[in-house]
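Q: Each chain, letter by letter, is given below.
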Amino acid sequence: MNIIVCIKQVPDTTNIKINPETNTLIRTGVESIINPFDMYALEEGLRLKEKHGGTVIVLSMGPPQVEQALREAISLGIDDAYLLSDRAFAGADTLATAYTLAAGIKKLGGADIILMGRQAIDGDTGQVGPGVAENLKLPHITDIRKIEEIDDQGSITVERMLEDGYLRLRTKLPVLLTVVKEINEPRLPSLKGKMAARKKEITTWIEEDLQVDSERIGLTGSPTQVMKIFTPPKPAGGKIFQGEIKEMVTQLITELRNAGIPLGGGKAANGND
Amino acid sequence: METIRVIPDLCTGCRICLKVCTYDAIDMIDKKAVINEKCTICGACVDVCKVEAIIITRRFFKGQDTSAYSGISLYAEHHDGKLASVVPEIIGAARELKKDLDRNISAILLGNKVKPLAEELISYGVDEVWLIDDPRIGDYAEDVQSDLVAQILAEKKPEIFLGGGTIMGRSLLPRAAAKILTGLTADCTELDIDGENKLLRQTRPAFGGNIMATILCDKHRPQMATVRHKVMPEADKTEGYQGKIIDMGHIPISEPTIEVLEFIREEGETVNLAEADFIVSGGRGLKDPKNFYLVEDLAHALGGAVGASRAAVDAGWIPYSHQVGQTGKTVNPTIYVACGISGAIQHLAGMKSSDIIVAINSDGNAPIFDVAHYGIVGNLFEVIPEIVKQLKG
Amino acid sequence: MNYFLTEDQQMIKDLAAKIAKEKIEPVAAEYDESEEFPHEIVEVLAKSDLFRVFIPEEYDGLGGGIFEMSLVVEELSKACGGISLAYAASALGTIPIMLFGSEEQKKKYLPRLAAGEILAAFALTEPDAGSDAAAVKTRAVLENNQYIINGTKQWITNGGEAFIYTVIAVTDPTRGVRGTSAILLEKGTPGFDFGKKENKMGIRGSTTRELIFQDARVPKENIIGREGGGFLVAMKTFDQSRPGVAAQAVGIATGALDKAVAYAHERHQFGKPISSFQAIQFMLADMATQVEAARALTYQAARTIDAGAKNVSKISAMAKVFASDVAMKVTTDAVQVFGGYGYMKEYPVEKMMRDAKITQIYEGTNQIQREVIGLQLIREALRKKG
Numbered sequence: 057m058n059i060i061v062c063i064k065q066v067p068d069t070t071n072i073k074i075n076p077e078t079n080t081l082i083r084t085g086v087e088s089i090i091n092p093f094d095m096y097a098l099e100e101g102l103r104l105k106e107k108h109g110g111t112v113i114v115l116s117m118g119p120p121q122v123e124q125a126l127r128e129a130i131s132l133g134i135d136d137a138y139l140l141s142d143r144a145f146a147g148a149d150t151l152a153t154a155y156t157l158a159a160g161i162k163k164l165g166g167a168d169i170i171l172m173g174r175q176a177i178d179g180d181t182g183q184v185g186p187g188v189a190e191n192l193k194l195p196h197i198t199d200i201r202k203i204e205e206i207d208d209q210g211s212i213t214v215e216r217m218l219e220d221g222y223l224r225l226r227t228k229l230p231v232l233l234t235v236v237k238e239i240n241e242p243r244l245p246s247l248k249g250k251m252a253a254r255k256k257e258i259t260t261w262i263e264e265d266l267q268v269d270s271e272r273i274g275l276t277g278s279p280t281q282v283m284k285i286f287t288p289p290k291p292a293g294g295k296i297f298q299g300e301i302k303e304m305v306t307q308l309i310t311e312l313r314n315a316g317i318p319l320g321g322g323k324a325a326n327g328n329d
Numbered sequence: 142m143e144t145i146r147v148i149p150d151l152c153t154g155c156r157i158c159l160k161v162c163t164y165d166a167i168d169m170i171d172k173k174a175v176i177n178e179k180c181t182i183c184g185a186c187v188d189v190c191k192v193e194a195i196i197i198t199r200r201f202f203k204g205q206d207t208s209a210y211s212g213i214s215l216y217a218e219h220h221d222g223k224l225a226s227v228v229p230e231i232i233g234a235a236r237e238l239k240k241d242l243d244r245n246i247s248a249i250l251l252g253n254k255v256k257p258l259a260e261e262l263i264s265y266g267v268d269e270v271w272l273i274d275d276p277r278i279g280d281y282a283e284d285v286q287s288d289l290v291a292q293i294l295a296e297k298k299p300e301i302f303l304g305g306g307t308i309m310g311r312s313l314l315p316r317a318a319a320k321i322l323t324g325l326t327a328d329c330t331e332l333d334i335d336g337e338n339k340l341l342r343q344t345r346p347a348f349g350g351n352i353m354a355t356i357l358c359d360k361h362r363p364q365m366a367t368v369r370h371k372v373m374p375e376a377d378k379t380e381g382y383q384g385k386i387i388d389m390g391h392i393p394i395s396e397p398t399i400e401v402l403e404f405i406r407e408e409g410e411t412v413n414l415a416e417a418d419f420i421v422s423g424g425r426g427l428k429d430p431k432n433f434y435l436v437e438d439l440a441h442a443l444g445g446a447v448g449a450s451r452a453a454v455d456a457g458w459i460p461y462s463h464q465v466g467q468t469g470k471t472v473n474p475t476i477y478v479a480c481g482i483s484g485a486i487q488h489l490a491g492m493k494s495s496d497i498i499v500a501i502n503s504d505g506n507a508p509i510f511d512v513a514h515y516g517i518v519g520n521l522f523e524v525i526p527e528i529v530k531q532l533k534g
Numbered sequence: 012m013n014y015f016l017t018e019d020q021q022m023i024k025d026l027a028a029k030i031a032k033e034k035i036e037p038v039a040a041e042y043d044e045s046e047e048f049p050h051e052i053v054e055v056l057a058k059s060d061l062f063r064v065f066i067p068e069e070y071d072g073l074g075g076g077i078f079e080m081s082l083v084v085e086e087l088s089k090a091c092g093g094i095s096l097a098y099a100a101s102a103l104g105t106i107p108i109m110l111f112g113s114e115e116q117k118k119k120y121l122p123r124l125a126a127g128e129i130l131a132a133f134a135l136t137e138p139d140a141g142s143d144a145a146a147v148k149t150r151a152v153l154e155n156n157q158y159i160i161n162g163t164k165q166w167i168t169n170g171g172e173a174f175i176y177t178v179i180a181v182t183d184p185t186r187g188v189r190g191t192s193a194i195l196l197e198k199g200t201p202g203f204d205f206g207k208k209e210n211k212m213g214i215r216g217s218t219t220r221e222l223i224f225q226d227a228r229v230p231k232e233n234i235i236g237r238e239g240g241g242f243l244v245a246m247k248t249f250d251q252s253r254p255g256v257a258a259q260a261v262g263i264a265t266g267a268l269d270k271a272v273a274y275a276h277e278r279h280q281f282g283k284p285i286s287s288f289q290a291i292q293f294m295l296a297d298m299a300t301q302v303e304a305a306r307a308l309t310y311q312a313a314r315t316i317d318a319g320a321k322n323v324s325k326i327s328a329m330a331k332v333f334a335s336d337v338a339m340k341v342t343t344d345a346v347q348v349f350g351g352y353g354y355m356k357e358y359p360v361e362k363m364m365r366d367a368k369i370t371q372i373y374e375g376t377n378q379i380q381r382e383v384i385g386l387q388l389i390r391e392a393l394r395k396k397g
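The listed protein sequences correspond, in order, to chains A, B and C.
The working numbering puts the first sequence at residues 57 to 329.
The working numbering puts the second sequence at residues 142 to 534.
The working numbering puts the third sequence at residues 12 to 397.
There's no promise every hint is true.
[As the list claims (entries may be wrong)] Once the Cα atoms are required to be at most 20 Å apart in a straight line, the calculated EDC-like pairs of lysine to aspartate or glutamate come out as:
#, chain 1, residue 1, chain 2, residue 2
1, C, K34, A, E264
2, A, K202, A, E311
3, A, K255, C, D19
4, A, K295, B, E437
5, C, K24, A, E87
6, A, K202, A, E257
7, B, K371, B, D268
8, C, K58, A, D135
9, C, K24, C, E391
10, B, K533, A, D68
11, C, K119, C, D71
12, A, K105, A, D207
13, B, K179, A, E123
14, C, K356, B, E396
15, B, K371, A, D207
16, A, K248, C, E391
17, B, K428, B, E523
18, B, K371, B, D511
19, B, K533, A, E311
20, B, K371, A, E123
21, C, K325, C, E391
22, A, K228, B, D388
23, C, K32, A, E303
24, B, K239, B, D275
Derived from the structure by calculation, the hints contain no laboratory data.
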């Protein structure tokens, strides 16, 4: 069984703090890590290989320092690593990223199962998986919490997490799956794995190495653009409301909404009401 | 060609761009900012530069003829004969957009025996329902449906297409967007129309909610977005609203590639305390275990998790797994609501790094008010139901 | 403090620290309560290759030494001084095989130990033979190419969980100390049984049992080294294992210090965090200085051993005695910093104080360590004179 796991290197957003004075993100001391959801995808890929034999390859798109993340993946037992890295790829939104990753997967000759985490913790979109699947014309299923079985005829049965339960689905390989944390418990790297990872050769491909239309990659290939980025204004703090209960509650909710907190059941006011 | 660069003559060397770059992509060379290869062109630096010394030169791959696209469309997700609860919220958002755009609202409704839902959609204020009612379209058949959505959008050409930020919506819409080659923004908490160019401004959280980004899709159509659940106002129903049902049955239905075997419902919320964005905690002030329903109600209304102080856990009102504090869990949600919790230091140790702390306590001198960003001194038995009431609109 | 670790050493330390934080810390209190053997942790350690770090490459090890072993023990002990003992005591039981084992013995056991597939234990102590190690009575009689062993060993760490045991027994009662031998026994050998699990004050996550030999028979090839060389095996083994105990003590002390420092910032009295009071600051300063000194001495002892120095008894005894005394003091002070809360089982420091105590006692009491150091000093002085 040939498996490709797509991973993304992301800043550790769980530890990101905001400078209260400038209201900007404090970036010093923020580590780059493998997107946590992708760790579960790597683990699932390794388990599938242990069960069914074959190879697991890790693929990522990003700047040169992503190599560090790929080595971390190798230290877990991944067989090979490929990096798509070119300044022409930079600035890609999810459509362009999916297009580029798919080109990388095509160059690798495809796979029986393509795995990735359900979303990246910086972009938080979850859109790249379905996009890659569309580019490869493969079925895709997101939010997989369990791979029940893969039979000899190449049929795969999975459990897909939904808001209020789960779906049992079956399809024929090849398929693209995005996984949730419920699927497994990722292993820790071994020393031998880490030592092997240090020496492993990682293949880097640039735009020329892939069959891509240069209009469809990077910033040019991205229909969406970021107009602005802002940090939700933090409340000044220490506001104690007085008065009638109804009034106090209204004030509280208004203040929270003005602070940009998405509370259920009302418009997130931006002051232009 | 450099797509992003700093104009050295304009750069004052103030370094504010370095401070906002989360990718470590800016270096200071000879007192001028220079962008290196780690840049992901997120644009944060462009935004903060006071002298506009950073510019992004953009081209776009060829998009659709934007002038041919008109209308606000949405995906009407449904299961088991009922519209998904996010759908009235999407329609509510669409109706707000209609005020500025003055365009019709349409809904794409695909499924088997779904005609009654078409009527319901119209009653919410949908002007046209683009319907395909066919036994070959399963509730959960994303593969079949995404294909149909792409074809309908290509034929009907709405300028905007919205979907719910549900698990299904966030899987189906990206597939459709990739078929059409247009832009999609996920999980929007705010949608509005740019006054000048009439583009859809899509605002959504990123970096785990630490920042907000406003996105545009200028040259491609439709401008697609999924909408976060429980944020937008629900549309109200209008009896007798005039809307049309347009049968799109001429569109070929593809063979399913994924077989839906069964759906298994699972009751019980398992919102993980450690990862929750919203936490409502109860303490001794609840006075009785049966009053925990107040905390649960509020947590539910916020879409968050239930926590507790040690006092409540020790009293046996709630299992230890919900305990927040020095000897319980440490949490850092966006909002932490402490109900009837005095604010002992051991409890604070577990939650003081929450972004916003709201305290509800009848004792104005309770130490929790020292750390709370917002406080209501009042009877929680009255305050909490009032909050739930006002949140529900 | 930068101890100039090599890249490999840093990697080993980081991985051990990761396992300590993610796998051991969450369950330490539970194991302290239940006294269950931490099988799941041993499995994680095995899979991560940490059992390989002090075993030579030709036996599937990674070729490191006592220093690498100590790095692991220190990191694991920061999270729990009891659970880390499953690893440390196995290292103790592995050392005799590495130092004195025959090629067959090494080939038979070291690869399995390196893989973490089996654990080892070392058995010297008896009810009447603690510090007076020469007073061992367990008897091994050679008959028909077999040793028949009778006797009991007491307080053996990993007893019942380990597969391979190095047992010091009397083979020639007429020759005193030179009449003992080190013999390997496998768990499951008929006549080799285990007593009940001991109920201990601390390190309760580690398993301590009596070993009972009633006509246990093993082939004579199971002897490690030569007949009569048992004591030498024991003493040389302890020389090398002491930094491990010292590292355990340093780890426990560091864990306690970290908790105390954090608590001092959070706890407010008289309107301020208690860390702003000089009394507390001075306590923490002394604790931190002692821990650092203990660490430096431990590392130096380990490095000296690995460098192949001939006489390592003094420095390894110094490391053990100093680090364990520091651990006892620092953990006691940590409880003091926590005040009333420190005394409560709900808070982690009282366990650390209970765990620290044993480091002053086992693998040679601190009194014996001082004797070792004292005798060594005298020898050196005499040598200089003559």
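Q: Hint by hint, note whether the structure agrees.
A: Now for the hints, and whether the structure bears them out:
1. Between the alpha carbons of C:K34 and A:E264 the distance comes to roughly 45 Å, so the proposed pair goes past 20 Å and is violated.
2. Taking the CA atoms of A:K202 and A:E311, the gap is about 42 Å. The hint is violated against a cut of 20 Å.
3. As the CA atoms of A:K255 and C:D19 are separated by approximately 13 Å, the hinted pair is consistent with the 20 Å bound.
4. With a C-alpha separation of about 25 Å, the suggested pair A:K295 and B:E437 falls outside the 20 Å cut-off, and the hint is violated.
5. Taking the CA atoms of C:K24 and A:E87, the gap is about 19 Å. The hint holds against a cut of 20 Å.
6. At roughly 32 Å between alpha-carbon atoms, A:K202 and A:E257 are farther apart than 20 Å, so this suggested pair is violated.
7. For a cut-off of 20 Å, the pair hint linking B:K371 to B:D268 is broken: about 23 Å separates their Cα positions.
8. Pair hint C:K58 plus A:D135 holds up; C-alpha atoms about 18 Å apart against a cutoff of 20 Å.
9. Straight-line distance between C-alpha atoms of C:K24 and C:E391 comes to about 35 Å, which puts the hinted pair past the 20 Å bound.
10. The hinted pair formed by B:K533 and A:D68 fails the criterion: a straight-line CA distance of about 34 Å is larger than 20 Å.
11. Restraint check: the Cα-Cα separation between C:K119 and C:D71 comes to about 12 Å, which is no more than 20 Å; the hinted pair holds.
12. Only pairs whose Cα atoms come within 20 Å are accepted, and A:K105 paired with A:D207 is accepted, the gap being roughly 14 Å.
13. The hinted pair formed by B:K179 and A:E123 meets the criterion: a straight-line CA distance of about 12 Å does not exceed 20 Å.
14. Note on C:K356 and B:E396: the hinted pairing is violated, with a Cα-Cα distance of about 63 Å set against a maximum of 20 Å.
15. Restraint check: the Cα-Cα separation between B:K371 and A:D207 comes to about 41 Å, which exceeds 20 Å; the hinted pair is violated.
16. With a C-alpha separation of about 43 Å, the suggested pair A:K248 and C:E391 falls outside the 20 Å cut-off, and the hint is violated.
17. Between B:K428 and B:E523 the alpha-carbon distance is near 14 Å, which keeps this suggested pair within the 20 Å criterion.
18. About 31 Å separates the Cα atoms of B:K371 and B:D511, which puts this hinted pair outside 20 Å; it is violated.
19. With a C-alpha separation of about 16 Å, the suggested pair B:K533 and A:E311 falls inside the 20 Å cut-off, and the hint holds.
20. For the proposed pair B:K371 and A:E123, the alpha carbon gap of about 40 Å is over 20 Å, so the pair is violated.
21. With a CA separation close to 11 Å, the supplied pair C:K325 and C:E391 stays within the 20 Å bound.
22. For the proposed pair A:K228 and B:D388, the alpha carbon gap of about 32 Å is over 20 Å, so the pair is violated.
23. Note on C:K32 and A:E303: the hinted pairing is violated, with a Cα-Cα distance of about 47 Å set against a maximum of 20 Å.
24. The straight-line distance between the Cα atoms of B:K239 and B:D275 is roughly 30 Å, outside the 20 Å bound, and the hint therefore fails.
Going through the hint list in order, the structure does not satisfy hints 1, 2, 4, 6, 7, 9, 10, 14, 15, 16, 18, 20, 22, 23, 24.
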